[in-house]
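Based on these hints, arrange chain B on the given structure of chain A.
Protein chains: 2
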Amino acid sequence: MHPSHTVTIELADRSYPIVISSGLLDDPSSFAHLPSASAAVIVTNTTVGPLYGQRLERALGPQFPVVHTVTLPDGEQYKTWDSIAAIFDVMLRNACDRSTVLFALGGGVVGDITGFAAACYMRGVPFVQVPTTLLAQVDSSVGGKTGVNHPLGKNMIGAFYQPVRVVCDLDTLATLPQRELAAGLSEVIKYGPIADAVFLDWIEQNLDALVSRSPQALAYAVRRSCELKAQVVGQDERESGLRAILNFGHTFAHAIEAGMGYGAWLHGEAVGSGMVQAVRLSHRLGYVDERFVTRLTEMVQRAGLPTALPVLDEADNAGRYLELMRRDKKAAGGAIRFVLIERPGCAVVRQAPDAAVRAVLGGS
Amino acid sequence: MHPSHTVTIELADRSYPIVISSGLLDDPSSFAHLPSASAAVIVTNTTVGPLYGQRLERALGPQFPVVHTVTLPDGEQYKTWDSIAAIFDVMLRNACDRSTVLFALGGGVVGDITGFAAACYMRGVPFVQVPTTLLAQVDSSVGGKTGVNHPLGKNMIGAFYQPVRVVCDLDTLATLPQRELAAGLSEVIKYGPIADAVFLDWIEQNLDALVSRSPQALAYAVRRSCELKAQVVGQDERESGLRAILNFGHTFAHAIEAGMGYGAWLHGEAVGSGMVQAVRLSHRLGYVDERFVTRLTEMVQRAGLPTALPVLDEADNAGRYLELMRRDKKAAGGAIRFVLIERPGCAVVRQAPDAAVRAVLGGS
Numbered sequence: 001m002h003p004s005h006t007v008t009i010e011l012a013d014r015s016y017p018i019v020i021s022s023g024l025l026d027d028p029s030s031f032a033h034l035p036s037a038s039a040a041v042i043v044t045n046t047t048v049g050p051l052y053g054q055r056l057e058r059a060l061g062p063q064f065p066v067v068h069t070v071t072l073p074d075g076e077q078y079k080t081w082d083s084i085a086a087i088f089d090v091m092l093r094n095a096c097d098r099s100t101v102l103f104a105l106g107g108g109v110v111g112d113i114t115g116f117a118a119a120c121y122m123r124g125v126p127f128v129q130v131p132t133t134l135l136a137q138v139d140s141s142v143g144g145k146t147g148v149n150h151p152l153g154k155n156m157i158g159a160f161y162q163p164v165r166v167v168c169d170l171d172t173l174a175t176l177p178q179r180e181l182a183a184g185l186s187e188v189i190k191y192g193p194i195a196d197a198v199f200l201d202w203i204e205q206n207l208d209a210l211v212s213r214s215p216q217a218l219a220y221a222v223r224r225s226c227e228l229k230a231q232v233v234g235q236d237e238r239e240s241g242l243r244a245i246l247n248f249g250h251t252f253a254h255a256i257e258a259g260m261g262y263g264a265w266l267h268g269e270a271v272g273s274g275m276v277q278a279v280r281l282s283h284r285l286g287y288v289d290e291r292f293v294t295r296l297t298e299m300v301q302r303a304g305l306p307t308a309l310p311v312l313d314e315a316d317n318a319g320r321y322l323e324l325m326r327r328d329k330k331a332a333g334g335a336i337r338f339v340l341i342e343r344p345g346c347a348v349v350r351q352a353p354d355a356a357v358r359a360v361l362g363g364s
Numbered sequence: 001m002h003p004s005h006t007v008t009i010e011l012a013d014r015s016y017p018i019v020i021s022s023g024l025l026d027d028p029s030s031f032a033h034l035p036s037a038s039a040a041v042i043v044t045n046t047t048v049g050p051l052y053g054q055r056l057e058r059a060l061g062p063q064f065p066v067v068h069t070v071t072l073p074d075g076e077q078y079k080t081w082d083s084i085a086a087i088f089d090v091m092l093r094n095a096c097d098r099s100t101v102l103f104a105l106g107g108g109v110v111g112d113i114t115g116f117a118a119a120c121y122m123r124g125v126p127f128v129q130v131p132t133t134l135l136a137q138v139d140s141s142v143g144g145k146t147g148v149n150h151p152l153g154k155n156m157i158g159a160f161y162q163p164v165r166v167v168c169d170l171d172t173l174a175t176l177p178q179r180e181l182a183a184g185l186s187e188v189i190k191y192g193p194i195a196d197a198v199f200l201d202w203i204e205q206n207l208d209a210l211v212s213r214s215p216q217a218l219a220y221a222v223r224r225s226c227e228l229k230a231q232v233v234g235q236d237e238r239e240s241g242l243r244a245i246l247n248f249g250h251t252f253a254h255a256i257e258a259g260m261g262y263g264a265w266l267h268g269e270a271v272g273s274g275m276v277q278a279v280r281l282s283h284r285l286g287y288v289d290e291r292f293v294t295r296l297t298e299m300v301q302r303a304g305l306p307t308a309l310p311v312l313d314e315a316d317n318a319g320r321y322l323e324l325m326r327r328d329k330k331a332a333g334g335a336i337r338f339v340l341i342e343r344p345g346c347a348v349v350r351q352a353p354d355a356a357v358r359a360v361l362g363g364s
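Listed in order, the protein sequences are those of chains A and B. Residue 222 in the UniProt record's numbering sits at position 222 of the first sequence; the count goes up by one each step and never skips. Residue 264 in the UniProt record's numbering sits at position 264 of the second sequence; the count goes up by one each step and never skips.
Next comes chain A alone, as it looks inside the complex (with noise of 0.2 Å):
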């Protein structure tokens, strides 16, 4: 057993925390002092469920009088409304009221699809998030933005809405697929270029130990991942301005993904390689020096990421990327925004001439 640590979100009456420790996930006083409730719905899919389900059934007991169990199918491609609507058919048909308390059990994708549902049922019932992946722990649970993905764009439908509780048991990190968990550490070395440059040595430090799943390093990687988050969280819930720096590598990012087809990269490689367009972009445009892209690219290949950015178009791959880019939600009237670093540990939002985009799109 690892201490347990606490980081709080301090969002007034939306405050809540997180919960960091191994073994959380059998222990019912991890979800005790919720709202009072009637029912609690699981939601959680084909892989995670035969994992964690009934243990997290058996854990709820105590506190809730029935507890059931949505198990979706696995993947990206199924963060759609019919997942949602498929969860509203369970709890309709077992009439559930404004009191019930949803929880997520996986990682993003059920995070983002079960905080959506919790956000519209009734115009809104509590949930809480329990996620099962690295990624999900140091960032998707953690903030409060839901969705589902649209043919058109990804998370193009969804809501602000807080969970009360975050309860990440590190024990459950064992189980994740390699490429899971290199693609949660794309979002943990995130936080070091936007926002602590000590915390960026303590990762290039230990990131091996990361790799070899040190529980030890693993524990520290998602407090500091989470008490970062939870400061820029604290400050811009709603993201109109500050928020956007948890955004590195994101812009690139969503071009891959959107380009690639949903799916064929994990959300984590696309970031992976996404953060190397970016901070090359930013020492372009006369930020950081190339000793640091050098240094953050070396990183994102040390955790098993991609580096380059896949070819989308050989005719005009730039143009292609370009125009993904401009259709992101974060862009606004057509104009592109990205996060770039100033220094290590120090991020902006930036627009970017067209030229030196198409010289680091077309340079990779």
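In short, the hints are calculated from the structure, not lab data. Hints may be right or wrong, so weigh each one.
[Said to hold, decoys possible] Residues from chain A shown here face chain B by an in silico Cβ test under 7 Å; the list is partial:
| hint | residue |
| --- | --- |
| 1 | 120 |
| 2 | 122 |
| 3 | 126 |
| 4 | 152 |
Note that the Cβ used here is the ideal one computed from N, Cα and C, for glycine as well.
The following block gives chain B in isolation, referenced to the frame of chain A:
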């Protein structure tokens, strides 16, 4: 022209004005000083669109570089997620970004759909209510309840999401079918018993003028209704307490609508009968006197609304109603909560013994 009145909904950073006057729809200044936007999207239906769509489009011209229009089929049966999806398709195909402003041009159904679409598009874009029915002007366009129906229940899927402005053009009431005018009057009448005994007297004295569409009478009824709703919503945006009184008559009404099939009765018609049942229950439980029951029943009748309860089940009508009411989303753990009139102008929310409810349901 009537003098223009503005009622403000006070909700801190989500406060917004309700502008009430004739001649607003054609006047670009009605839509000035909205959030700066790259595009406007008018959502309307096949009945209202041909009457007012082009006029609104012209009035928006000076402020919005592009105006798109989505015309939905008319009717409560189209208040579904499919209509939301149709709006998203148009918006995404036209590359509408986060700064797009939606305009709900129509009655309560159009307003509920459009508000929910605005709440979910890219996790929230601004929207303006332009209600063209009496019911929408006095009730549904104000207060931020948005959503769609589910085959298993009305308004089961939705969000609390406030508009940035409500523009009530009183001239649009001239084209309203008489049946819909009557349906709107039920929500006007509602405010008297629950919140304002003086307004109740005024309605009683002016009911014939309202039914015959006296512009002066309608102008005052809309304004006073909005003022009363603003007072209630300003104190309890998310219906954790006080706001529930606005559902006077609605517990019975929702059961009527669900039992008859959505669209058979207009919502306002069901509320008319529902208020009569609720005031009968109030009397049976020892609150208001018999004279008040007669008084309210006569007002509902004079407005042109049904006062009797439709028979849903020849064998056990009361049982069928109880079953439907237990499934209402206001019910908590199977307990039905009724809005009862304690004395004219003052409502309370209470459970009631099944026997008393059965007596009311059986005796109509």
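Cross-check of the supplied hints:
1. The criterion of a C-beta within 7 Å of any C-beta in chain B is met by residue 120/A, whose closest approach is roughly 5 Å, and the hint holds.
2. With its C-beta approaching chain B no nearer than about 5 Å, residue 122/A sits inside the 7 Å limit, and its interface hint holds.
3. Nearest Cβ of chain B to the Cβ of residue 126/A: about 13 Å, over the 7 Å cut. The hint is violated.
4. Given hint, residue 152/A at the interface with chain B, holds; its Cβ is 4 Å from that chain's nearest Cβ, closer than 7 Å.
Hint violations for this structure: number 3 only, all remaining hints satisfied.
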